[in-house]
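These protein sequence lines map, in sequence, to chains H, D and B.
Under the numbering used here, the first residue of the first sequence carries the number 1, and numbering increases by one thereafter.
Under the numbering used here, the first residue of the second sequence carries the number 1001, and numbering increases by one thereafter.
Under the numbering used here, the first residue of the third sequence carries the number 2001, and numbering increases by one thereafter.
Everything labelled a hint here was simulated from the structure, so no lab data went into it.
Backbone N, C-alpha and C fix where the C-beta goes; we use that ideal spot for every residue, glycine too.
Among the clues, some could well be false.
As the list claims (entries may be wrong) - Below, simulated DSS-like cross-link-like pairs (lysine-lysine); rule was C-alpha separation at most 27 Å, straight line: (1) B/Lys2107 / D/Lys1505; (2) H/Lys95 / B/Lys2384; (3) B/Lys2263 / H/Lys95; (4) B/Lys2384 / H/Lys59; (5) D/Lys1332 / B/Lys2263; (6) B/Lys2374 / B/Lys2318; (7) H/Lys63 / B/Lys2384; (8) D/Lys1332 / H/Lys63; (9) H/Lys59 / D/Lys1505; (10) H/Lys75 / B/Lys2384.
To be verified - Not everything, but these chain H residues come out facing chain B in the computed CB check (under 7 Å): (11) Ile6; (12) Pro9; (13) Gly11; (14) Ser29; (15) Cys33; (16) Lys34; (17) Arg35; (18) Arg64; (19) Pro66; (20) Lys68; (21) Asn70.
To be verified - Stretch by stretch, here's where chain H covers chain B in the computed footprint (C-beta under 8 Å, at least three residues): (22) 2055-2069; (23) 2147-2154.
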Amino acid sequence: METICIVCPIGCRLTITKDTTSPDGYLVSGNQCKRGERYGILEMTNPTRVITSTVKINKAHLKRLPVKTNGAIPKDMNFKCMELINSLEIEAPIKVGQVIIKNILDTGIDLVASRSMD
Amino acid sequence: MGRCIEVDLCGFFIANSLLVVIWYLQKGGVCMYDVAIIGAGVIGAFIARELSRYELKIALIDKDNDVSNGASKANSAIIHAGYDAKPGTNMAKFNSLGNPMFDKICQELDVEIDRIGSFVIGFDDADMETIEGLYKRGIENSIEGLEIIDGDKVREMEPNLNDTIKGALYAPTCGILSPWELTIALAENAADNGVEILLNNEVEDIKKRDLAYKIITNKREIDSKYVINCAGVYADKINNMVSNESFEITPRKGQYFVLDKSVGDFVDTVIFQCPLNVGKGVIIVPTIHGNLLVGPDAEDIEEKDNTATSAEGLEYIKEVARRSAATVPVNKVITTYSGLRAEVSTGDFVIGEARDAKGFINVAGIKSPGLSSSPAIAEYVVDIMKDIRGELIEKDKFNPRRRRVLRFDKLSDEEKTDLIKKDPRFGRIICRCESVTEGEIVDIINRNAGATTVDGVKRRARPGTGRCQGGFCGPRVAEILARELNKDIAEIVKDNEGSYILTGKTSKGE
Amino acid sequence: MDYDIVIIGGGPAGLAAAVEAKKSRVDNILIIERDRELGGILQQCIHNGFGLHEFKEELTGPEYAERFIDQVKELQIEYKLDTMVLNISEDKIISAVNSEDGLINIKAKSIILSMGCRERTRGAINIPGTRPSGIFTAGTAQRYINMEGYMVGKKIFILGSGDIGLIMARRLTLEGAQVMGVAELLPYSGGLTRNITQCLHDYNIPLLLSHTIIRIDGRDRIQGIELSEVDENRRPIPGTEKYYECDTLLLSVGLIPENELSKSANLKLDNITGGPIVNESMETSREGIFACGNVVHVHDLVDYVSEEGRRAGKNAAKYVLEGFSNSERTIQTKSGKGIRYIVPQQIRLENLDNSITLFMRSDDVYSDLIINVKLGQEVIKRIKKRTLTPGEMERVNIDINLLKGTARETLVVEIEKEGQ
C-alpha cells in the first residue's frame, strides 16, 4: 500500500508491503524516521488517529474548551468519540493538560484539555 | 376561552360572535388604514415620509425582511443632472425637479451626498453629435451648468481616461449618494412620524370594497382607503389586481463591479459613455463611501427575482468600461452585484390614479432616472392625494429630521474620546476594514426601521462592505444582533427569512 | 503614552517578538491586540501539528499559544486587549482605540508589525451567481465552530485545497456534516500532504484538482454550485460542468497579509508577497519599524513564525539599545527562475551573525531539482531536492563567508532541473 505519513508535517511517501519475515508482518519504506515506520505498520494492522475537538464549558470567559485525545485512538472509533465529546459539559477553571475523560471509550487514551481557562 | 359557556340559544349566538371576532382578529384584519403603500423601496419610502406630514394612518408594506431590498439597493447610486430624458416626459420633468431637491432632504435625513459632476464621453464625430443633442435636450429640460468640452480638457480633469476621447458633455449638478442609506433614512423618518412598516408581507391579491381596498398578503389582510403601488418590478402584477388598464414591466438586469477603496480615486467624476442602444452604457463612478463602481450591462430577463450575476455579463462590462479607461482596475474587485430595472411597456413613468380604480395610485416603471426623480415624484403623489381626498391636514408634530447617524470614523479625535467616555461601546471596533464600532451598530439596530439582519447592519453601518467582506466582523455582528434582539445567534439571518447562517449548536442534546 | 517597543498583534509572531525583546533587555514593551485574548488565530486552530520544531512536541494551536502567553505573563510584558490600532504615522506614533482608554496615541521608539493576514473572499475571486447566505471563508467557519460552538451547515462543498480548507473538511465531517468534495483550481493541492491523507482520504472526501466553481445558486441560502474542470490556463472547459447540491460553501482560496497599517506608515511593500520589504533583521523600509509573521509573507508552520518573531524582537531591542551601524554593504535578494519570492528582500552583511536563512516559495511543482544560489554570476550554493511545491515554504541557509569577498550586490535564487 502507498500512503502519506501523517506523523509530522514532512509527509513522507510510504510504501508498505506484506513481509512474513519481519516481526510485525509488514515492511515499510520511504520513511525518514522510526516514528514513520511505526505509523506505516499501524496503518495496516490498527490504524489510529488523534481526535481534536471542543467541549462546552461553563463559568469561563469563553464558551468552548478545546480538547484532544493525548494519543491516537482506533480510527473506527472517531465518530463515537465525537458523540461522547459533544455530550460533555464542564466547568472552569481548567488547566492545560487536565484530564477531562480518563481512558476514553476504553482505549487507554485520555481526553485532555488543550488550553487553560479560568 | 377557558370558561364554561351556557348552552342556551342566547349564549350560543354570543359564543359564535365571539368566535368570529376572535377569528377575525387573529387574521389581523381589522386595522383600517388611510393609505397603504406597497413597496418599501426609495419611492415607497419617500412617499410614506412625505405623507407622514399629514394626519393619515399609513402602512408601508414590503414582501422582504427589510426596506430597500429591491432595485433601491442595487443601482448606480447617481443623482442624474437630467439632460438625458426626452423633454415632455415624466422622466424629464421629475428628474429636473428632483435633482436640486436633494440637498435639503439629505441634510434633514443626515444622508451624505456629493455633487461630483459627470461626463458623457464621445469618441468620434457621431458621438459628438449625440452629445450636442443631449446638450440641447438638457437646455430644454432646464438643466443648469451644462458644458461641452474637448478631449484634452476631459483628460486634464480626469487623467486616467483614454486618449481616444474626443470630447464630453459636462454636467456639474450630477451627484452621488448611497441609495439604500437614503431609503432607510426615509423609512426611519416615516416611522418616527407614525408610519407603520409591515415587512415580510407579500401582496397576493387586492379586492375592491365599498369603502376601502382589502389587501391580502401571505401573512394578513390590510384594509386601506387608498393604495399606492410602488412595487418596482412587480408593479404590473399589483396594478392588474385592481385595474384593467394594464401595463407590463420587464425586468432588465444590470450587473456591477465594486472596486476596493484603494482605487476609489481612479476618477473623481461620474463617467458615462455616449448612449448606446440600451441604457446609458457602462459607467465608471466613485461611490459616496470611497469605492469605485463599474457597470451596468443591460439584459432583459423573465424572472422578476433573478439577481444572479453572470460571467458573461461581468466580462462584457470589463470590455466596455475599458473604452472609457483602458486601465480601469477591475482586478481590485471586492464584490459584484446586480439589480433589476423596472422597464415599463409605456416607456415612461406611470404616475397617477388608475382610471377604473378610484383611490389606487400607480407609481410604476420607476427605472433610471427614478432615484434622481424620487423627491419630486413623492411631492407629486402627495398632490394627487390632496386632489383625490380634497384636503390633507398637516400634523403639528411632524419632525423632518432624522436623529444624527454617528460615523465614528469621521469624528475628530476629541469627538471620538468624548463619545467613548459616554458609551464605551464606541471604543470597540467591530469592522476593521471600515472602522465601525459596536456603539454604531447597536444604535442602528435600535432605531425605527432598524437593522434586524446581518445585511441590514451592513447597509446601515457598513460592516461587511470592506475588503474582508464580513470575514472578520460577521460573527461579531451576528453576536450583537442576537444580544440586542434577544435571540439565539442561530436565529440571526443574513437577509430574508430563509437566509439562516448557522444550523445549530455542535453539542447535541442542547 | 511612551514605550520602547510596541508590538501590533498578539498572535504567535508578536508573542515571540515580545518575549525575545524582553529577554534582550528592553523593559518598556507593549503588545496591542484587537481580540479579547492573546494568541491570535492559534486559539481557533484546535487541531494538532504545531510545535514539532519549536518544542519537539506535537501541540494544538491553543497549546502552542499558551506556551508563549505564559512566558509573556511570567516576564510581565504589558498588553492591551480589545484594542484596535487605527493608524501608524511615519514618525512612529500609533493611534489606537478601546473601550477603557478611549482614543490613545502611543509614542514608540520602535514598532513591530505582526498583524497577520486576512482571507481572500468570494468577491475578490469573482464567482458569479446569486449572493445567498451559507458562504463562508474557512477561517470564519472555523471561528463559529471552534469558538462559538455552532455548526455552519449540513451539506458542504469546499473550494480550495489549502490547509485551512482541508482541516475544515475533517472538522465538519467529525461534527456530523457531509462534505461533498474539495475543489482546487490548480493541478496540485496547496496544503501539506499529510493533510490530504488525514483530512480527505480518511473520510473518503474527493479532491477535485483542476476544477473551479463557475456559479453559485440559491436565493436566500445557497442551494448548489456549478463546478467546471479547467485547462492549463485555468479557464473553464465547456462541457465539463457538473452541479452539486449543497447548503454551504467554504472558501479556502488564499491568505492576504494584512498591511493597511503598513500603508498608513508609508512602508515599501513587496507586491508579490503583499507584505513590507524587510532586511535580515526584519526591519522594514522605515528605520525602527520591524515586521514578522504572516504580515510579511504567509507561512505554513507556526514554528517558523516564532523564529521570525524572535528575530524581529531581538533586532528591535538592538535598535532601541544600540542602533544599527551604517550599512557598508547591502545585498538585494532576487527571485530567479522557478522562485516566486524570497524573504528577506535585503541583507546587510554587518548585521549578520554567521549565517542568513532565506525563506522562499517556488512558483510551481518541481521534482528532482537543484536550487541554485548565485551571487552575481557565481553559484555559491547548490541544493538538491526531490520535490518543491508552492504550498511548502523552503528555507535555505547561507553561511556568511559565502557572501563576503566579492563586491556583488544581488543574490539570486533559481531552480535548475537535474540534467539541465
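Hint validation: H/Asn70 versus chain B, beta carbon distance must be below 7 Å. Holds or violated? violated, 10 Å
Just to be careful: measuring from the Cβ of H/Lys34 to every Cβ in chain B, is the smallest value less than 7 Å? violated, 15 Å
Is the interface hint satisfied for H/Lys68? The criterion is a beta-carbon contact with chain B at less than 7 Å. H/Lys68 check passes; min Cβ-Cβ to chain B is 6 Å, inside 7 Å.
At a threshold of 7 Å, is the proposed contact between H/Cys33 and chain B supported by beta-carbon distances? violated, 11 Å
Are the Cα positions of B/Lys2384 and H/Lys59 separated by 27 Å at most? violated, 55 Å
Could you grab the alpha-carbon distance between H/Lys95 and B/Lys2384 and see if it respects the 27 Å cut-off? Status violated; Cα separation ~46 Å.
Holds or violated: the hint that H/Arg35 contacts chain B, with Cβ atoms closer than 7 Å. violated, 10 Å
Is B/Lys2263 within 27 Å of H/Lys95, Cα to Cα? The given pair, whose Cα atoms are some 41 Å apart, is violated under the 27 Å limit.
Would the hint on H/Pro9 be counted as holding, given a Cβ-Cβ threshold of 7 Å to chain B? Status holds, d = 5 Å.
Residue hint H/Gly11, partner chain B, criterion CB-CB below 7 Å: holds, 4 Å
Hinted pair H/Lys59 and D/Lys1505, Cα distance within 27 Å: Answer holds: H/Lys59 to D/Lys1505 is near 18 Å, not above 27 Å.
Chain H covers the segment 2147-2154 of chain B, three or more CB atoms within 8 Å, holds or violated: holds (count 3)
The structure shown violates the earlier hints numbered 1, 2, 3, 4, 6, 7, 8, 10, 14, 15, 16, 17 and 21.
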